[in-house]
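Number of protein chains: 4
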Amino acid sequence: MDGKAYIASLDDGRRVYVGGRRVGNVGTDPAFAGMVAKIAATYDHFHHDPRARDAFMTPPTDAEGMRAQAALHVDGLSHATYTSLMTLLTAADRIAAARPQAREAVAAYVAEVRAKDLRVVECITDAKGDRSRPPALQDDRDAYLRVVARRPDGIVIRGAKLHISLAAVAHEMMVIPTKAMKADEGDYAVACMVPANAPGVSIVDVGNGEAPAGADPRDFPYASRDSNSQGFVIFHDVFVPNERVFLDGETKLAATFAHALGLWVRASSMIHICDSYDVMVGLAQLIAEANGLERIEHIKSKIAEMAINATLLRGTLEASMAHATRLEGGVLAPDEVFTNAGKYHGAAQYGTMVRHLLDIAGGSAITAPSVRDLENPEVGELVRKYMGTKQSVDGAYRTQLFHAVHDLTTSAHGGARYVGILQGGGGLHTQAVVTRGRYDMARAKRMALESFGWKDPSEESALAAE
Amino acid sequence: MDGKAYIASLDDGRRVYVGGRRVGNVGTDPAFAGMVAKIAATYDHFHHDPRARDAFMTPPTDAEGMRAQAALHVDGLSHATYTSLMTLLTAADRIAAARPQAREAVAAYVAEVRAKDLRVVECITDAKGDRSRPPALQDDRDAYLRVVARRPDGIVIRGAKLHISLAAVAHEMMVIPTKAMKADEGDYAVACMVPANAPGVSIVDVGNGEAPAGADPRDFPYASRDSNSQGFVIFHDVFVPNERVFLDGETKLAATFAHALGLWVRASSMIHICDSYDVMVGLAQLIAEANGLERIEHIKSKIAEMAINATLLRGTLEASMAHATRLEGGVLAPDEVFTNAGKYHGAAQYGTMVRHLLDIAGGSAITAPSVRDLENPEVGELVRKYMGTKQSVDGAYRTQLFHAVHDLTTSAHGGARYVGILQGGGGLHTQAVVTRGRYDMARAKRMALESFGWKDPSEESALAAE
Amino acid sequence: MDGKAYIASLDDGRRVYVGGRRVGNVGTDPAFAGMVAKIAATYDHFHHDPRARDAFMTPPTDAEGMRAQAALHVDGLSHATYTSLMTLLTAADRIAAARPQAREAVAAYVAEVRAKDLRVVECITDAKGDRSRPPALQDDRDAYLRVVARRPDGIVIRGAKLHISLAAVAHEMMVIPTKAMKADEGDYAVACMVPANAPGVSIVDVGNGEAPAGADPRDFPYASRDSNSQGFVIFHDVFVPNERVFLDGETKLAATFAHALGLWVRASSMIHICDSYDVMVGLAQLIAEANGLERIEHIKSKIAEMAINATLLRGTLEASMAHATRLEGGVLAPDEVFTNAGKYHGAAQYGTMVRHLLDIAGGSAITAPSVRDLENPEVGELVRKYMGTKQSVDGAYRTQLFHAVHDLTTSAHGGARYVGILQGGGGLHTQAVVTRGRYDMARAKRMALESFGWKDPSEESALAAE
Amino acid sequence: MDGKAYIASLDDGRRVYVGGRRVGNVGTDPAFAGMVAKIAATYDHFHHDPRARDAFMTPPTDAEGMRAQAALHVDGLSHATYTSLMTLLTAADRIAAARPQAREAVAAYVAEVRAKDLRVVECITDAKGDRSRPPALQDDRDAYLRVVARRPDGIVIRGAKLHISLAAVAHEMMVIPTKAMKADEGDYAVACMVPANAPGVSIVDVGNGEAPAGADPRDFPYASRDSNSQGFVIFHDVFVPNERVFLDGETKLAATFAHALGLWVRASSMIHICDSYDVMVGLAQLIAEANGLERIEHIKSKIAEMAINATLLRGTLEASMAHATRLEGGVLAPDEVFTNAGKYHGAAQYGTMVRHLLDIAGGSAITAPSVRDLENPEVGELVRKYMGTKQSVDGAYRTQLFHAVHDLTTSAHGGARYVGILQGGGGLHTQAVVTRGRYDMARAKRMALESFGWKDPSEESALAAE
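Residue numbers (the numbering used here), protein chains in the order written: chain A, 1 to 466; chain B, 1 to 466; chain C, 1 to 466; chain D, 1 to 466.
Bound-form chain A, shown alone (with noise of 0.2 Å):
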């Protein structure tokens, strides 16, 4: 498929909502132009050089690969399709003992896929309805996804899935569980894909409310290329045929397929976090330059702090690769404990690299013209003569940077980058617990008894038990 047969591929009658009104043709729409066409670009890259989606599509087997596609970039809905497809697969070998089927289902689904070159979004987290209670004891039955009937030729399902981003963009859902499930929730173990156009399914959108309508593409230069909308999709009452269910009642294997992806997806954002680190280490030297700041004393502290931070989830991130773990199938996925300490580090100290980088930038961050005002020819060379610093940092130079660091953080665009790092892949308390829980405590335990004397650890129960 080229990009031309992806615009094409998208009407086809799904119904997508955006800001209460009915969206058309979703690949024409205004409100994904911006993301239609990144998608729309890496179809015809790939289509005019298949070794680059292989080598995209290929999970890595040794710490060299693993450095190497971490280095790609790719449009995100590729690369949803991939971490879904790896999802998958994953979890296919894993659930083989108790569902054999559903390992053939996988391949022969992944397979499809691949040879009709589709995109793939990951439907997780449900409505949820009230946090504190299991799903059966909601006021609302459905608040969570689950099967409402069962017939020979497959499932019927009901629910909602929450922040799927480019949802309305994709041709296929991958339906999972959001959450271990006990003995007796079995309606609510269900793992299936669905197609964006299949009879009930509503998918309402925010649109590409990041990048204000009518605005100069210069004024927001991260909105402009990196938008990713998010839907809410809506399954009321679609019918799943057997085929495509990988999972239905085995409420032990319900957590398997969400484990697997959360391995996928929190890998992939400590790269995204790391990356967006040494982004804003540099932005915050360059505005430093430009404002004539970078030798002033406390300037230099507040980068050389976000220097330090991005080098420990850099180091934490290549720890994570250094010590990976080989799958089912020779995979290799980034450690745990490293990735999940990265990721909580990033989430938690991002608010700190917005405060130095806006900190440096000072004011205009916010009230800096936009470049069509640079352009004005009444006012225009006035504002450039005001934001310039010296004749080596020109006026129109300064004012981009500005932008940069208020697309970075300050726009609807930046809050929406931030709270995709804070929520992605599980919050802040996520990554606490799943780090507490696969540190090696017995070694820590071991090490804190050897270091006050005690060389034998079994000293400890002797001691305990006497």
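Source of the hints: derived by calculation from the structure; they are not laboratory data. Yeah, the Cβ is synthetic: ideal placement off N, Cα and C, and Gly gets one too. Incorrect hints may have been included.
[As the list claims (entries may be wrong)] Only part of the chain D face toward chain C is listed, based on derived beta-carbon distances under 7 Å:
hint, residue
1, 202
2, 291
3, 292
4, 382
[Claimed, not checked] 30 Å max Cα-Cα, derived DSS-like pairs, lysine-lysine:
hint, chain 1, residue 1, chain 2, residue 2
5, D, 179, C, 385
6, D, 128, C, 300
7, D, 390, C, 179
8, B, 179, C, 300
9, C, 300, B, 128
10, D, 252, A, 300
11, A, 390, B, 252
12, B, 179, B, 252
13, C, 128, D, 385
14, D, 385, C, 182
15, B, 182, C, 300
16, C, 252, D, 385
17, B, 385, A, 252
18, B, 128, A, 385
19, B, 252, A, 385
20, A, 179, B, 385
21, B, 390, A, 252
22, D, 300, A, 128
23, A, 385, B, 182
24, A, 300, D, 128
25, D, 385, C, 385
Position chains B, C and D relative to chain A; hints supplied.
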């Protein structure tokens, strides 16, 4: 002047640019509609209830009065006018010895502004060019606003002032030096008043970009009510008659206006931050309850940390009023150490408050559907169903809370709000410097020496001199 | 009682153990010499100036009185006596309805203590055993102190109380429940007074380990003056006559004493922390000056951060007194929200204060030579020469500052001081819980709703109920 | 040399002062007993297993070797000897061009030290006087160690070196400049080796003050094993023969030794901090379990935060070894950016680790009875009873854990440990400066520009130059 007259008064030939275009009439242009309406409403209110106006415009002389005034909420432009006039009166007292005519000139000017019921903004921050160099060593000597010509009847000024809230919709600009000036920087030691439509004045404004064009105001409950556009004001060889010049060349007094302004701005900034913190605690609790999370331990810990921060700020604000300093003329000004320490903490911890709020709210702070989606006849009922928590928490209510969280923190408005808190009244470094400078260090050193038994501080010098 | 009589009164047969040995006479044993001397000095002072004693022992009834009393510095045991008697009087009022005889018993007891001029300590924290279980489910039912027998003339108690400052040198122990008790925990709901030398009482004390034996007091200026030993007090089947029992089985009132005590302890703890913060700022500035570092930017930043923290605490303390609550009987108690938030911040940031102080002082905080080395005839002059900074900062003076920094932070005394600040009046978690519980959440929620335009909070329920 | 010979070798006439007294024989004086015994044990071990010694003394040439050496634990003096010799060899290569004789002199010296099996300490930090002034502008020109006379056969040096761990029990002192020197500071650019008993050398030592005299070592499990006394070493006109002078006046090379030392010191400091963090996590978990608190949410959160910090450090350490730099001669040195960033974070967060540990342990970290109290026949059983948690957690075991927590953090030893971590290899500011200096800022700036679409970094200069 009532609201209608105010709106009409803006059609005075001023040169305002937004997004590269020249605005015809600020009073009726959509880019300023929200602001103008809000300011007009205060005009109407004060027009019908002159005592309300007097209560607002009269500086407090006791702690009770300070608290009462702190509790008044008027539009930002009326507030800026009050602050500007207070600054002028405070500074005039201080410079009377060196420039006797200034006191009378200020008095006459203030009387005129009150009689005509005009609105005034503070123009303080210069373009600054290379911030590591003083005004006279800039590549462009206009980087700081300066007097370029002196005539028998007045002066001609050239330069630009940045980050001027509501400049486009005010009548008068109070131009004052941004910092202390040295003996050879006399041309930069200038304070004067300039009408918004004076020849040579251009206002390049960011406009009301905080609330996206066409968006439902209910999705942006803060941006649609509280947006204050920021102007970049250029003074290109503007003539100012003598009676409007309050400082010209008295370099020793250059910082007087900025200090007086700082006093009033930081105090009102502190009140604003205090209220914001309580609002964020309340919103965090509301959204925790709406999510069914209010009894989860880590959520409670985060809300507790937020409440502790809000309480520290409130306590510091209370202390700043309890220890207020009486200025010349009996007016009270909040204590500077408490105000600056509180402002610092409020700005430094704001990011943590936001993080906790977003952490508790979850991804729907970004991905919640529009209120218009709730009203769509095809899909609205389903959206409401899945946005609901339980019978007692309706989906429409919860959706609205998410929009409030979003618009307070991660929308373009939220970003502007953050920068305002961070940079208002000078950035973090400024507050730190002022706190250290005003903190009673002599007392602290004495307490330190006494704490380990050197009862008489003169022992210090005795020992040191042995 | 004067100092001499106090010392004699300690030779009363009490059983005190230190480092595994039984102490013969606490009044003359070296392990307690510093403490005993300090307490005796207060006795002498009060003996000669009874008005000073009255001023200290009378609870304040207005804000001025609160400030005056906060400024008084007496020894820790006199302070504990004041706190204990205040606790008894406050609690007696509250429990009078359920146990009428308690009010009179307390009044008689307080009168007796005052007449005999005795010293009282608070015994609250139980051994607690497994902290995840309630008293009655402990493997050892004595983990919480309880009544093991009831006789016509009194009760018999068994258990241990931990962390009792100055227990070894006091006359009376106020035994109160450590927490609220449930209906079936009547044996644990016991409050009574026990003389230090009652049969069955053993005090296992850490002794004056904070100042190393044989060390020069000038090297340990805080430990040698402010050390308060801690006792582990065991009540092994101790008989308490009825007139000294103030609670026995009234489980609903079990927490009354602890709450009353908490009020007074946290308030005095807050004053202590506030002063400590100012002392640390002063010491940081003194050592920075002594090192010739007071103009280095990063040093100034650290001192500014310390001063900001000290100011926040001071402001919160001021607010806690300005918003004091009037108790039964007209006595004023500081506001609990401000007190707890301030206590939390002071304990949480204490480590940062210490780090900055050590950072500014440098390695000599640990490695400075003894004052005795300065006096050594062979090497003293050289030590002084190299410990000096410049002509105006003598080596002997600077050495003394290093010892002060060391002893305030990194000596055994410094460590005990930190734990006292961290755990005094309950740990961080307790302060967080109390702050959240007492914070005016209803007001914050109302402010949040109003902030985005829901003027009438009843709209909330209206929306929620639709 | 074996342990006995080492002890005998210390009786060489050296002048050592502790607490104002001259020590007769360091090898047998109680003030150094613990240290001497520990060092002697390593001598014995190496004497009987020379391969162990070679394994320790040979610098690694691959990552595996780095990890293996990092895992070896020897006494601090052997470690200092290794670090000193590595520093000499590294620096000798670097200065060979300017001072050819240095390389041979170093080689001969190192061979001699190895042959005689001597122990060497690093003497780097000068007295410094007024730290805001350079050496030549000090009131006392000896504030930095300098050459006061040059003779045909050698030089005479004068000055003092501070914070020298184990100086009193070493054989040789490596004297090197503390920082870069300017062209006119030739007398301060001196590096040479001095025997501990050379005429004119005085060592004023703090002695083994970390473990209180007479205390039970079980109550101080760290101090009694790991105390390293610190010496203030005075060089009062000490003659050094030419063959022991490795730098004299080559100001451009003054910093070479300090840089080489810094490399090795920060790397081993980083390993030490990493291990300390894991020990603190383990101890926190052990004490939480011993207190019955391991399932309480806020305790788990604190342990999770500790584990996250430990993991960040471990990851950064791993990365510093994976990206090691190969020095002249094939020796590997850990990457400096990772090492400094990790060291910074480890030192900056150490206080938080301590706070969490103390928070979880509770007041008994300070007030736990002595192990000797547990053994007292009268009261021991009761102490054990009340220090116990439940049947599976004995009071003796739990008491020991409290002593470990205390001695690791809040005893005099804990304080010294903290300062060592904070100041070792330079303080926080130094690490921040080095990290910012070595961080690949050019790459970060390029990433920043590319991130908002300026693919070719030359656009930057293009724009800037327009």
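Structure-based check of all given hints:
Hint status for residue 202 of chain D relative to chain C: holds, with the closest Cβ pair at about 5 Å, below 7 Å. Interface hint status for residue 291 of chain D: upheld, as the beta-carbon distance to the closest one in chain C is roughly 5 Å, under 7 Å. Hint status for residue 292 of chain D relative to chain C: holds, with the closest Cβ pair at about 3 Å, below 7 Å. The beta carbon of residue 382 of chain D is positioned within 7 Å of a beta carbon in chain C (closest approach about 5 Å), and the interface hint is therefore held.
For the hint linking residue 179 of chain D to residue 385 of chain C, the alpha-carbon distance of about 21 Å falls within 30 Å, and the restraint holds. Taking the CA atoms of residue 128 of chain D and residue 300 of chain C, the gap is near 20 Å; set against the 30 Å cutoff, the hint holds. Of the supplied pair hints, the one linking residue 390 of chain D and residue 179 of chain C holds, its CA atoms being roughly 20 Å apart against a limit of 30 Å. Restraint check for residue 179 of chain B and residue 300 of chain C: satisfied, since their Cα atoms lie roughly 21 Å apart, inside the 30 Å limit.
Between residue 300 of chain C and residue 128 of chain B the alpha-carbon distance is near 25 Å, which keeps this suggested pair within the 30 Å criterion. Restraint check for residue 252 of chain D and residue 300 of chain A: satisfied, since their Cα atoms lie roughly 26 Å apart, inside the 30 Å limit. Of the pairs offered as hints, the one joining residue 390 of chain A and residue 252 of chain B holds, with about 27 Å between alpha carbons and a cut-off of 30 Å not exceeded. A hinted pair counts as satisfied when its Cα atoms are at most 30 Å apart, and residue 179 of chain B with residue 252 of chain B qualifies at roughly 11 Å.
A C-alpha spacing of about 11 Å is found between residue 128 of chain C and residue 385 of chain D, which places the hinted pair at or below 30 Å, so the restraint holds. Between residue 385 of chain D and residue 182 of chain C the CA atoms are separated by roughly 24 Å; this keeps the pair inside 30 Å, and the hint holds. As the CA atoms of residue 182 of chain B and residue 300 of chain C are separated by approximately 24 Å, the hinted pair is consistent with the 30 Å bound. Distance restraint check for residue 252 of chain C and residue 385 of chain D: the Cα-Cα separation of roughly 29 Å lies within the 30 Å cut-off, and the hinted pair is therefore satisfied.
For a cut-off of 30 Å, the pair hint linking residue 385 of chain B to residue 252 of chain A stands: about 29 Å separates their Cα positions. Among the hinted pairs, residue 128 of chain B with residue 385 of chain A is consistent with the structure: their alpha-carbon atoms are about 11 Å apart, no more than 30 Å. Distance check on the hinted pair: residue 252 of chain B and residue 385 of chain A sit about 29 Å apart at the alpha-carbon level, within 30 Å; holds. Among the hinted pairs, residue 179 of chain A with residue 385 of chain B is consistent with the structure: their alpha-carbon atoms are about 21 Å apart, no more than 30 Å.
At roughly 27 Å between alpha-carbon atoms, residue 390 of chain B and residue 252 of chain A fall within 30 Å of each other, so this suggested pair holds. Note on residue 300 of chain D and residue 128 of chain A: the hinted pairing holds, with a Cα-Cα distance of about 25 Å set against a maximum of 30 Å. Among the hinted pairs, residue 385 of chain A with residue 182 of chain B is consistent with the structure: their alpha-carbon atoms are about 24 Å apart, no more than 30 Å. As the CA atoms of residue 300 of chain A and residue 128 of chain D are separated by approximately 25 Å, the hinted pair is consistent with the 30 Å bound.
With a C-alpha separation of about 55 Å, the suggested pair residue 385 of chain D and residue 385 of chain C falls outside the 30 Å cut-off, and the hint is violated.
Comparing the model with each numbered hint stated earlier shows that hint 25 is the single one that does not hold.
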